[in-house]
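Student: Below, each chain spelled out in residue letters.
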Amino acid sequence: MVLITRKIEFSASHLYHNPALSPEENRRVFGKCNNPHGHGHNYTLEVTVAGEPDPVTGMVLDLKELKDILEREIMRRMDHRFLNYEVAELKGQIPTCENIARVIWELLDPKITQGKLHRVRLYESADLFADCYRNGAC
Amino acid sequence: MAMKIELGRRYRFAASHRLHTDKVSEEENVRIFGKCANPYGHGHNYVLEISVSGDLDPATGMIANLADLDSFVERQVLEAFDHRSLNEDVPAFRETVPTTENLCIEIFERLRSFPQAKLERVRVQETSNNSFEYSGG
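Chains as they are written, first to last, in this note's numbering: chain A, 4 to 141; chain B, 121 to 257.
Among these hints, one or two may not hold up.
[As the list claims (entries may be wrong)] Taking beta-carbon pairs under 7 Å as the criterion, some of the chain A residues facing chain B (in silico):
no., residue
1, 96
2, 97
3, 102
4, 108
5, 128
6, 131
7, 132
8, 133
9, 134
If you're looking for bench data, these hints aren't it; they were derived computationally from the structure. Small disclaimer: the values here were computed from a predicted structure and weren't measured. In this text, a Cβ means the ideal position worked out from N, Cα and C, and glycines have one as well.
Given only the sequences and the hints, what does the whole structure look like? Please build it.
Tutor: Encoded structure:
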């Protein structure tokens with residue numbers, strides 16, 4: 004099995020707020036991330052696909068195709084967007100790094116038909132990231 | 121859930137160490153550890169990367185509150201290691217050689233009791249060219 008990874012970057016804004024909690028609780032739990040006007044990050048997404056190289060092309064999957072999937076599913080949906088308000092899959096959820104990575108996994112997994120999605124790693128900053136794996140795979 | 125989610129966080133600390141063991145002769149120490157056996161020690165800017173896993177709390181969308189994780193790591197590791205001599209200031213390395221392999225194990229043991237999530241892995245980068253990982257076994 005061979006793993007191939009493609010990296011993309013997108014910029015988006017978000018805020019953390021749970022309407023079920025009081026304003027004080029929101030500030031206590033989410034700190035600066037609770038600022039009602041939001042704030043933004045340059046996200047880096049690494050998508051890793053596992054598979055056997057095709058005997059004819061030598062490829063696990065055509066990187067051009069992966070690039071197109073990432074453009075269609077992630078960039079158009081999330082790049083230069085306010086994640087809380089403009090990404091339907093995140094409506095009603097706190098757009099933490101963990102939740103965004105989970106949504107990205109759910110969007111990409113059915114679209115990757117050559118090879119299998121192995122890992123989604125989303126960096127919110129150089130020092131904070133979330134990893135998604137298929138359950139039972141690690 | 122169909123997938124497993126981990127939260128990864130990086131920290132930095134600077135520390136000195138000396139690779140040396142009383143179990144072998146001075147010549148052997150120099151042969152095994154080379155420049156790292158210099159009696160005065162030397163230092164690195166270490167990068168510590170930890171991964172924790174767990175269910176996402178539906179109220180917060182988080183595996184673990186980052187402020188709690190940061191303060192735990194600060195208390196358990198960074199306060200004890202940052203700007204210290206690993207050999208002189210960390211009891212675990214009085215007898216054990218503070219290689220980065222052993223450093224990974226010591227850090228894992230110091231962090232495994234984090235109450236909010238399961239510690240999956242500790243990765244320590246000694247320099248940008250060397251990194252070491254330990255998952256507890």
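Student: Could you tell me which of the hints above the structure violates, numbers in ascending order?
Tutor: 5
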